[in-house]
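Visitor: Each chain is listed here by its residues.
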Amino acid sequence: MVTAISGFEPTSLSLVAELIGTAVFAASGASAAVGKRLDLFGVVVIGTLCALGGGAVRDILIDAKPLVLTDWRYPLVAVLASLVVFRFHPALSRMRPTMLVLDAAGLALFTVVGTLKGLDYGFAVYAACIVGVLSGIGGGILRDVLVQEIPAVLREDFYAMAAVIGAIIVSVGARWESQIGHWTLMLIAIATIFVVRMVAIRYRWQAPKPNI
Amino acid sequence: MVTAISGFEPTSLSLVAELIGTAVFAASGASAAVGKRLDLFGVVVIGTLCALGGGAVRDILIDAKPLVLTDWRYPLVAVLASLVVFRFHPALSRMRPTMLVLDAAGLALFTVVGTLKGLDYGFAVYAACIVGVLSGIGGGILRDVLVQEIPAVLREDFYAMAAVIGAIIVSVGARWESQIGHWTLMLIAIATIFVVRMVAIRYRWQAPKPNI
Amino acid sequence: MVTAISGFEPTSLSLVAELIGTAVFAASGASAAVGKRLDLFGVVVIGTLCALGGGAVRDILIDAKPLVLTDWRYPLVAVLASLVVFRFHPALSRMRPTMLVLDAAGLALFTVVGTLKGLDYGFAVYAACIVGVLSGIGGGILRDVLVQEIPAVLREDFYAMAAVIGAIIVSVGARWESQIGHWTLMLIAIATIFVVRMVAIRYRWQAPKPNI
Numbered sequence: 001m002v003t004a005i006s007g008f009e010p011t012s013l014s015l016v017a018e019l020i021g022t023a024v025f026a027a028s029g030a031s032a033a034v035g036k037r038l039d040l041f042g043v044v045v046i047g048t049l050c051a052l053g054g055g056a057v058r059d060i061l062i063d064a065k066p067l068v069l070t071d072w073r074y075p076l077v078a079v080l081a082s083l084v085v086f087r088f089h090p091a092l093s094r095m096r097p098t099m100l101v102l103d104a105a106g107l108a109l110f111t112v113v114g115t116l117k118g119l120d121y122g123f124a125v126y127a128a129c130i131v132g133v134l135s136g137i138g139g140g141i142l143r144d145v146l147v148q149e150i151p152a153v154l155r156e157d158f159y160a161m162a163a164v165i166g167a168i169i170v171s172v173g174a175r176w177e178s179q180i181g182h183w184t185l186m187l188i189a190i191a192t193i194f195v196v197r198m199v200a201i202r203y204r205w206q207a208p209k210p211n212i
Numbered sequence: 001m002v003t004a005i006s007g008f009e010p011t012s013l014s015l016v017a018e019l020i021g022t023a024v025f026a027a028s029g030a031s032a033a034v035g036k037r038l039d040l041f042g043v044v045v046i047g048t049l050c051a052l053g054g055g056a057v058r059d060i061l062i063d064a065k066p067l068v069l070t071d072w073r074y075p076l077v078a079v080l081a082s083l084v085v086f087r088f089h090p091a092l093s094r095m096r097p098t099m100l101v102l103d104a105a106g107l108a109l110f111t112v113v114g115t116l117k118g119l120d121y122g123f124a125v126y127a128a129c130i131v132g133v134l135s136g137i138g139g140g141i142l143r144d145v146l147v148q149e150i151p152a153v154l155r156e157d158f159y160a161m162a163a164v165i166g167a168i169i170v171s172v173g174a175r176w177e178s179q180i181g182h183w184t185l186m187l188i189a190i191a192t193i194f195v196v197r198m199v200a201i202r203y204r205w206q207a208p209k210p211n212i
Numbered sequence: 001m002v003t004a005i006s007g008f009e010p011t012s013l014s015l016v017a018e019l020i021g022t023a024v025f026a027a028s029g030a031s032a033a034v035g036k037r038l039d040l041f042g043v044v045v046i047g048t049l050c051a052l053g054g055g056a057v058r059d060i061l062i063d064a065k066p067l068v069l070t071d072w073r074y075p076l077v078a079v080l081a082s083l084v085v086f087r088f089h090p091a092l093s094r095m096r097p098t099m100l101v102l103d104a105a106g107l108a109l110f111t112v113v114g115t116l117k118g119l120d121y122g123f124a125v126y127a128a129c130i131v132g133v134l135s136g137i138g139g140g141i142l143r144d145v146l147v148q149e150i151p152a153v154l155r156e157d158f159y160a161m162a163a164v165i166g167a168i169i170v171s172v173g174a175r176w177e178s179q180i181g182h183w184t185l186m187l188i189a190i191a192t193i194f195v196v197r198m199v200a201i202r203y204r205w206q207a208p209k210p211n212i
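Protein chains in written order, with our numbering: chain P, 1 to 212; chain F, 1 to 212; chain Z, 1 to 212.
Hints may be right or wrong, so weigh each one.
[Stated by the list, open to error] Label-pair distances were calculated between CB atoms; the ranges are:
no. : chain 1 : residue 1 : chain 2 : residue 2 : range
1   : P       : Y203      : Z       : P90       : 46 to 54 Å
2   : Z       : D120      : F       : M99       : 54 to 62 Å
3   : F       : R204      : P       : P90       : 50 to 58 Å
4   : F       : V16       : P       : G173      : 55 to 63 Å
[Claimed, not checked] Taking lysine to any residue and the SDA-like style, the derived pairs with C-alpha atoms no more than 20 Å apart in a straight line are:
no. : chain 1 : residue 1 : chain 2 : residue 2
5   : F       : K36       : Z       : V145
6   : P       : K209      : Z       : K209
7   : F       : K36       : Z       : V79
8   : Z       : K36       : Z       : Y203
9   : P       : K65       : Z       : P90
10  : P       : K65       : F       : Y121
11  : Z       : K36       : P       : Q206
12  : F       : K65       : Z       : G173
13  : Z       : K209      : F       : L40
14  : F       : K65       : Z       : G122
15  : P       : K65       : P       : L15
16  : F       : K36       : Z       : G122
17  : F       : K65       : Z       : K209
18  : P       : K36       : F       : V145
19  : P       : K209      : Z       : V79
20  : F       : K65       : Z       : D120
21  : Z       : K65       : F       : I60
22  : F       : K36       : P       : Q148
23  : F       : K36       : F       : Y126
24  : F       : K65       : P       : D63
25  : P       : K65       : F       : L67
26  : Z       : K209      : F       : L83
27  : Z       : K65       : P       : V125
28  : P       : K65       : F       : A64
29  : Z       : K65       : P       : Q148
30  : P       : K65       : F       : V147
31  : Z       : K65       : F       : A64
32  : Z       : K36       : Z       : P90
33  : Z       : K36       : F       : I60
[Claimed, not checked] Partial chain P-side listing against chain F, Cβ under 8 Å, derived:
no. : residue
34  : V34
35  : R37
36  : L38
37  : F41
38  : G42
39  : I46
40  : I60
These are calculated hints, taken from the structure and not from any lab test.
From the three backbone atoms N, C-alpha and C, an ideal C-beta is built for every residue, glycine too.
For reference, chain P alone in the conformation it holds in the complex:
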């Protein structure tokens, strides 16, 4: 078990970070739904799915119990964040730069946690990377499919590549986890994804396009 670390109780820290990620991703989904003029229920569903869909896909693939059905705090936070966006979205849309930063943090966190969960369930390094990247980007893909957009992550920028890089760091690094330390490794991977994503936004990096 990669996550069983003795002599240190990080559960609450990790939980708080994950719940922040959940809130941010829910806000991102709810904003897209508001933009499509969906009703209250639609905003809540898209927000919740965006926040928890990536993890649900991950859990279905690795045959874990879906987190959304076993810990009520995740759906509660997702629903509340969606309701806040539904009510206050004009003010929130002025906070777009802040949202981009939080979204990058959510991507970093979800990807790393998902990759570690894949390793915990005994999957190979490459498979844990697939599972981790899906955890990070899956919710956004579901959001875009439901609001009838080609998933932004597949079209626009250096979003998914950042997740891939982080997933590789954490899954390869896990072999030397006893030397590196569990939390050091996680922090390196999370920071890498976050920084790559921020730099990509700042300098408008784009993944290469096909020449047609």
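Fit chains F and Z to the supplied structure of chain P, relying on the hints for placement.
Guide: Then chains F and Z, alone, in the frame of chain P:
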């Protein structure tokens, strides 16, 4: 086990009701597919998916064997209903009010049965509600995604809210099931969803929209 | 176990055939993504999903470990084939007749292998057919949903019908497998799907459309 009730053999009644729900949902999916000018196979697939997709998503989430793969009567009824729509759709489109009533009955039934299945599999009240609502609305969402519409349930009216109310009734009420009685509880929840949905159609209730 | 045949080592043959099918389906997905001007990552994801998505849906439904997470050769071949399309697509688009032939071979192979896997996991004949057809057409449906098209398989031609016919042959024939022989049965079913598909392309067969 919530569903194990002694001294009473309701299986056939419950089965007939569920098969009617399956046929109605299949007809709804097949009608959407006919409207998009899909071919025979497309009509049958969308009809079947609309009828059985919600239950399949439920079964995957709670890690049950998908009903569609274990009881041939469900896919058979779904395929037959889709074929009937394919052949007779002009006549059926004149029956739209009837279809709306049957669809509300299907929604009520699938939501309640799905919620109970979630409880049976040991999930918490809130999780059983999620599972039940997905059972009721999931098929319609899959239908709309495949025919390239934003899911109607997320956009238009008081459809999903009715399912949420019914799922809460049945999952909370299950705690006092021995006093209320299994079938009384089911009937109350089914009737509530059905009546809320009918009243919502009659008075054009809508879930609130965001103010933009 | 349907697939346990003594005195003959066909694994490598079967594996090579499946990897060719994977490459062809990945190329088909990557071509669609290039046509939508997705970036490098989008092309790779759509290509991989098109190649491996049908099998993943199958494995989730029958509760098997997803092949994509247990055998690295499948995702590797899918990613490589997608990269080749990304780099060389103008040349490849001149090979469209060849691609159609290879795609028909992929459809035949994936459907038959998927149906056999369904039988192996103890599902009934009809359920194994559903699972097998989903293995064959599921990847293409995911591809079309992500690039925002109504799935071609539901709209255009005699694609899915060929898969249905082959799945029925292999799942019904499995009862007399000891007389027919495992590989003879597989070859008959694969050849049937392939020939039906080729004839359908040649003579522009279409599944019937609804009369409106």
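Visitor: Give a verdict on every hint.
Guide: Checked hints:
Judged by the Cβ atoms, the range 46 to 54 Å given for P:Y203 and Z:P90 is violated: they are separated by roughly 30 Å. Between Z:D120 and F:M99, the C-beta spacing of about 41 Å breaks the proposed range 54 to 62 Å. A C-beta distance of roughly 27 Å is found between F:R204 and P:P90, which places it outside the suggested range of 50 to 58 Å. Hint check: F:V16 to P:G173, Cβ distance near 58 Å, so the stated range 55 to 63 Å holds.
Between F:K36 and Z:V145, the direct Cα distance comes to roughly 15 Å. Compliance with the 20 Å bound is thereby established for this hinted pair. Annotation: proposed proximity of P:K209 to Z:K209 is violated, straight-line Cα distance about 38 Å (limit 20 Å). The hinted pair formed by F:K36 and Z:V79 fails the criterion: a straight-line CA distance of about 34 Å is larger than 20 Å. Proximity of Z:K36 to Z:Y203 is assessed by CA-CA distance (about 29 Å); at most 20 Å being required, the pair is judged violated.
At most 20 Å may separate the alpha-carbon atoms for a hinted pair to count; P:K65 and Z:P90 exceed this at roughly 45 Å. As the CA atoms of P:K65 and F:Y121 are separated by approximately 12 Å, the hinted pair is consistent with the 20 Å bound. The straight-line distance between the Cα atoms of Z:K36 and P:Q206 is roughly 16 Å, inside the 20 Å bound, and the hint therefore holds. Under the criterion of a C-alpha separation no larger than 20 Å, the hint pairing F:K65 with Z:G173 is inconsistent with the structure, at around 25 Å.
A C-alpha spacing of about 6 Å is found between Z:K209 and F:L40, which places the hinted pair at or below 20 Å, so the restraint holds. Using a Cα cut-off of 20 Å, the hinted pair F:K65 and Z:G122 holds, with the two alpha carbons roughly 12 Å apart. Proposed proximity of P:K65 and P:L15 is supported: the alpha carbons are some 18 Å apart, at most 20 Å. Between F:K36 and Z:G122 the CA atoms are separated by roughly 37 Å; this puts the pair beyond 20 Å, and the hint is violated.
With a C-alpha separation of about 34 Å, the suggested pairing of F:K65 with Z:K209 is violated against the 20 Å cut-off. The straight-line distance between the Cα atoms of P:K36 and F:V145 is roughly 15 Å, inside the 20 Å bound, and the hint therefore holds. Restraint check for P:K209 and Z:V79: satisfied, since their Cα atoms lie roughly 16 Å apart, inside the 20 Å limit. Proximity of F:K65 to Z:D120 is assessed by CA-CA distance (about 15 Å); at most 20 Å being required, the pair is judged to hold.
With a C-alpha separation of about 13 Å, the suggested pairing of Z:K65 with F:I60 holds against the 20 Å cut-off. The straight-line distance between the Cα atoms of F:K36 and P:Q148 is roughly 16 Å, inside the 20 Å bound, and the hint therefore holds. Only pairs whose Cα atoms come within 20 Å are accepted, and F:K36 paired with F:Y126 is rejected, the gap being roughly 37 Å. This hinted pair checks out: F:K65 and P:D63 have alpha carbons roughly 13 Å apart, not beyond 20 Å.
Of the supplied pair hints, the one linking P:K65 and F:L67 holds, its CA atoms being roughly 19 Å apart against a limit of 20 Å. Restraint check for Z:K209 and F:L83: satisfied, since their Cα atoms lie roughly 12 Å apart, inside the 20 Å limit. Distance restraint check for Z:K65 and P:V125: the Cα-Cα separation of roughly 16 Å lies within the 20 Å cut-off, and the hinted pair is therefore satisfied. About 11 Å separates the Cα atoms of P:K65 and F:A64, which keeps this hinted pair within 20 Å; it holds.
The straight-line distance between the Cα atoms of Z:K65 and P:Q148 is roughly 31 Å, outside the 20 Å bound, and the hint therefore fails. A threshold of 20 Å between alpha carbons decides the hint, and for P:K65 with F:V147 the separation of about 31 Å lies outside it, so the pair is violated. Taken as a hint, the Z:K65 and F:A64 pair is honoured in the structure, with Cα atoms around 15 Å apart against an allowance of 20 Å. For the proposed pair Z:K36 and Z:P90, the alpha carbon gap of about 14 Å is at most 20 Å, so the pair holds.
For the proposed pair Z:K36 and F:I60, the alpha carbon gap of about 32 Å is over 20 Å, so the pair is violated. Hint on P:V34 holds. Least Cβ distance to chain F is approximately 5 Å, under the 8 Å limit. At about 6 Å, the closest approach between the beta carbon of P:R37 and any beta carbon in chain F falls short of 8 Å, and the interface hint on this residue holds. For P:L38, the shortest C-beta to C-beta distance to chain F is roughly 5 Å, which falls under 8 Å, so the interface hint holds.
Taking 8 Å as the C-beta contact cut-off toward chain F, the hint placing P:F41 at the interface holds, the least distance being around 5 Å. With a cut of 8 Å, the hint placing P:G42 at the interface with chain F holds, because the nearest CB-to-CB distance is about 3 Å. Because the closest C-beta pair between P:I46 and chain F is about 7 Å apart, less than 8 Å, the hint holds. The restraint placing P:I60 at the interface with chain F holds, with a minimum CB-CB distance near 6 Å, inside the 8 Å limit.
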